[in-house]
Amino acid sequence: MDGQEATPAAIESHGLTRDFRRTRAVDDLNLQVPKGEIYGFLGPNGAGKTTTLKILAGLISPTAGKAIVAGEEVRPGTSSLDLRRRVGFLEEEPRFYPWMRARESLVFVGRLFGFEARVAEVRAEGLLEAVGLADRSDDKIRGFSRGMRQRLGIAQALVGDPEVLLLDEPASALDPIGRKEILDLIASLRGQATIIMSSHVLDDVQRVAGWVGVIRRGRLLTQGPLPRLLGRFTRPAYRLDIRGSDERSRVSRALAAESWCVEVLEEGSGLRLVVEDPAAVESRMPSLLAESAAPLQGFRAVTPTLEDVFLQLIGDEDEYATRRRAELDAPRGTGRRP
Amino acid sequence: MRALLHKELRELIKTARLAILPVVFVILGITGPALIRLLPILLENAQTEGIDMTLPEFGPADAFASYLEMVRQMGLLAVILVFMGFVAGERRNGMLASLFVKPVSRLEYVVTRWAVNGVYVMASLFVGSAVALAYTFLLFAPIDVGAVARVTLLYASYVLLVFSWTVFLSSLFVHPAAAGGLSVIPLFVLPALGLLWGPLGDYGPYGAVAGGTATIGAAGSPAEALGSEPLISAALNLGLCVALVAGTYLRLRRMEL
Numbered sequence: 001m002d003g004q005e006a007t008p009a010a011i012e013s014h015g016l017t018r019d020f021r022r023t024r025a026v027d028d029l030n031l032q033v034p035k036g037e038i039y040g041f042l043g044p045n046g047a048g049k050t051t052t053l054k055i056l057a058g059l060i061s062p063t064a065g066k067a068i069v070a071g072e073e074v075r076p077g078t079s080s081l082d083l084r085r086r087v088g089f090l091e092e093e094p095r096f097y098p099w100m101r102a103r104e105s106l107v108f109v110g111r112l113f114g115f116e117a118r119v120a121e122v123r124a125e126g127l128l129e130a131v132g133l134a135d136r137s138d139d140k141i142r143g144f145s146r147g148m149r150q151r152l153g154i155a156q157a158l159v160g161d162p163e164v165l166l167l168d169e170p171a172s173a174l175d176p177i178g179r180k181e182i183l184d185l186i187a188s189l190r191g192q193a194t195i196i197m198s199s200h201v202l203d204d205v206q207r208v209a210g211w212v213g214v215i216r217r218g219r220l221l222t223q224g225p226l227p228r229l230l231g232r233f234t235r236p237a238y239r240l241d242i243r244g245s246d247e248r249s250r251v252s253r254a255l256a257a258e259s260w261c262v263e264v265l266e267e268g269s270g271l272r273l274v275v276e277d278p279a280a281v282e283s284r285m286p287s288l289l290a291e292s293a294a295p296l297q298g299f300r301a302v303t304p305t306l307e308d309v310f311l312q313l314i315g316d317e318d319e320y321a322t323r324r325r326a327e328l329d330a331p332r333g334t335g336r337r338p
Numbered sequence: 339m340r341a342l343l344h345k346e347l348r349e350l351i352k353t354a355r356l357a358i359l360p361v362v363f364v365i366l367g368i369t370g371p372a373l374i375r376l377l378p379i380l381l382e383n384a385q386t387e388g389i390d391m392t393l394p395e396f397g398p399a400d401a402f403a404s405y406l407e408m409v410r411q412m413g414l415l416a417v418i419l420v421f422m423g424f425v426a427g428e429r430r431n432g433m434l435a436s437l438f439v440k441p442v443s444r445l446e447y448v449v450t451r452w453a454v455n456g457v458y459v460m461a462s463l464f465v466g467s468a469v470a471l472a473y474t475f476l477l478f479a480p481i482d483v484g485a486v487a488r489v490t491l492l493y494a495s496y497v498l499l500v501f502s503w504t505v506f507l508s509s510l511f512v513h514p515a516a517a518g519g520l521s522v523i524p525l526f527v528l529p530a531l532g533l534l535w536g537p538l539g540d541y542g543p544y545g546a547v548a549g550g551t552a553t554i555g556a557a558g559s560p561a562e563a564l565g566s567e568p569l570i571s572a573a574l575n576l577g578l579c580v581a582l583v584a585g586t587y588l589r590l591r592r593m594e595l
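As you go down the protein sequences, you meet chains S and E in turn.
For the first sequence, the tail end lands on 338 under the working numbering, and the numbers increase by one without skipping.
For the second sequence, the tail end lands on 595 under the working numbering, and the numbers increase by one without skipping.
Hints are computed from structural coordinates only; laboratory data are not their basis.
Take these hints with a grain of salt, some might be off.
From chain E, some residues computed to sit far from chain S (all C-beta separations above 10 angstroms) [to be verified]: (1) Ala341; (2) Leu347; (3) Glu349; (4) Gly432; (5) Met433; (6) Ala435; (7) Leu437; (8) Phe438; (9) Val439; (10) Pro441; (11) Val442; (12) Ala487; (13) Ala530; (14) Leu590; (15) Glu594.
Computed beta-carbon distance windows for the label pairs [claimed, not checked]: (16) S/Arg118 with E/Ala487: 21 to 31 angstroms; (17) S/Gly210 with E/Ala461: 35 to 45 angstroms; (18) E/Leu343 with S/Gln192: 40 to 50 angstroms; (19) E/Ala354 with S/Gly46: 32 to 42 angstroms; (20) S/Gln192 with E/Ala487: 27 to 37 angstroms; (21) S/Arg118 with E/Ala354: 44 to 54 angstroms; (22) E/Met433 with S/Lys35: 25 to 35 angstroms; (23) S/Thr303 with E/Arg348: 27 to 37 angstroms; (24) S/Asn45 with E/Leu510: 24 to 34 angstroms; (25) E/Phe526 with S/His14: 47 to 57 angstroms; (26) S/Glu307 with E/Ala354: 43 to 53 angstroms; (27) E/Glu562 with S/Arg142: 44 to 54 angstroms.
Part of the chain S face toward chain E, derived, beta carbon under 8 angstroms [claimed, not checked]: (28) Ile60; (29) Thr63; (30) Ala64; (31) Ile68; (32) Pro76; (33) Arg85; (34) Phe89; (35) Arg95; (36) Tyr97; (37) Phe144; (38) Phe299; (39) Leu311.
We treat Cβ as the ideally placed atom computed from N, Cα and C, and that holds for glycine.
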């Protein structure tokens, strides 16, 4: 497993598999989430993120393998109350008793965690403030929007001051300001709690996560510290700003013909150039631009993003799947099957 | 436990559920005796020429027995309707999952909710009986309060059994309607057990109801002394309630959410 660190894992799974009738939602998943880290759990819709988090939360059982959270194996109904006191869970669409008021709901959860009524009240106040719902604390949850419910859900997940926090799409229903506030709140918990946060919004994960795991069709494609993944899965990229669309097209064609150039993409009023070797850019680019006589406005190296990693992994996976399908579809005896 | 208990009581008040069953039983407590009071008048007005119907003279025991009959039908149906989503509803709306990721034991959840709502069901029955007692007094004559208390207690064991059965079925099905549909089966099956074998009627779950009704004395029959059969039947009902609560817990224990 890449990215294996010396830090002890607060969340781990071994060969975790879950089938729903004929569908394999999670397939031999081996997660390692280091203690105190924020782990971005990425994957397209239907990749198996929610199923994995539900297994980790002890809501559903694995068909095979096991999940260990805070040192204890989780299973529906048999996970100890002590473990559940140390874990906070936010569902993608958090549920509440609609007749309760926001503060009342948090006090109720605090009481479930064993806090005295006054302590639960104080915690509720603080959390409502932290998630930006202080002015709605006495409103009934029935009237809350999805974004407000998500904020309240995060507050609820934090009531027990959890050691491990499982967040399923924590910012999916929030507006940009709300998203920033909640991501800042999550980032502020780094070191205090181990957080696994599923998302398909790559920017959110890149903003807060130190570790990233990418899942597709239930299989973990990779996991590790974000900087390492960025270095490993992204190729050097450059941005060229060229005035005039004809000129841009001419340069694009010229670059595409170069062997050291992996990919040229039109990106707004410029070009994004992906290469194998930055040295080739330094040696070849000046002469190539001079030959094309293109009006160059800017040229800079682009910092690789999580999106680049994600797209490359998913692209490789698609390519692999297509190749496998072709191999399996090929008639026997053609020599194409490995 | 205290947090869940507090929440359950608050929920009863906040969701207006607190009023539903008492109102139903109060209506039954009024309509039962009133129906008996009005029955001769209604029949007299509806009588056609050539048909001579002679009705026995109804007394307070008949008035209260009429209320009890309504409890056995509409009262139990109301209990089923109110509680058919007891577990199924919370499972469907995601509240069970939300609760069980927190430090809440599934046994605590079942026992607390069953106990609070069981007391609520019984209290509703007693309110209905009190109203029926008062209405019987107003429309007919006083009736033995001790006998009413005894028969209500015996009925309570049966009502509690139907409630527990509904709760159990509600844990088996995702759809409250499925739980509700199957919950009515005992309302037809249990009274008929005595036809299969006499002692099943006397000592079985319905024995508490049949024996209890007999102690009131209605339709011209004298009030019977309370024998051991209804008491054994009531004890059996309570035992079955415990078994059904245990069954509900066992179902919930490993339930995936």
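**Request:** With 43 to 53 angstroms as the target window, see if S/Glu307 and E/Ala354 comply at their CB atoms.
**Result:** For E/Ala354 against S/Glu307, whose Cβ atoms are near 51 angstroms apart, the range 43 to 53 angstroms holds.
**Item:** Separation of E/Phe438 from chain S, once the least beta-carbon distance is taken, above 10 angstroms
**Value:** violated (7 angstroms)
**Prompt:** Is it correct that the beta-carbon of E/Val439 has no partner in chain S closer than or equal to 10 angstroms?
**Reply:** violated (4 angstroms)
**Request:** Take the C-beta atom of S/Asn45 and the C-beta atom of E/Leu510, compute their distance, and say whether it sits inside 24 to 34 angstroms.
**Result:** This hint holds: roughly 32 angstroms between Cβ atoms.
**Prompt:** Holds or violated: is there a CB of chain E closer than 8 angstroms to the CB of S/Leu311?
**Reply:** violated (33 angstroms)
**Asked** Are S/Gly210 and E/Ala461 spaced within 35 to 45 angstroms by their CB atoms?
**Response** violated (56 angstroms)
**Asked** At a threshold of 8 angstroms, is the proposed contact between S/Ile60 and chain E supported by beta-carbon distances?
**Response** With a closest approach of 4 angstroms, the S/Ile60 hint holds.
**Prompt:** Close enough to count: is the Cβ of S/Arg85 nearer than 8 angstroms to one in chain E?
**Reply:** Result: holds, 5 angstroms to nearest chain E Cβ.
**Prompt:** Taking the least C-beta to C-beta distance, is S/Arg95 closer than 8 angstroms to chain E?
**Reply:** holds (4 angstroms)
**Message:** Between the beta carbons of E/Glu562 and S/Arg142, is the distance compatible with 44 to 54 angstroms?
**Reply:** Since the Cβ atoms of E/Glu562 and S/Arg142 sit about 52 angstroms apart, the hinted range of 44 to 54 angstroms holds.
**Prompt:** Between E/Ala354 and S/Gly46, does the beta-carbon spacing fit 32 to 42 angstroms?
**Reply:** Cβ of E/Ala354 to Cβ of S/Gly46: about 40 angstroms, so the range 32 to 42 angstroms holds.
**Item:** Hint status (Cβ of S/Thr63 to nearest Cβ of chain E, threshold 8 angstroms)
**Value:** violated (11 angstroms)
Of the numbered hints listed earlier, those contradicted by the structure are 1, 3, 4, 5, 6, 7, 8, 9, 10, 11, 14, 15, 16, 17, 18, 20, 21, 23, 29, 30, 31, 37, 38 and 39.
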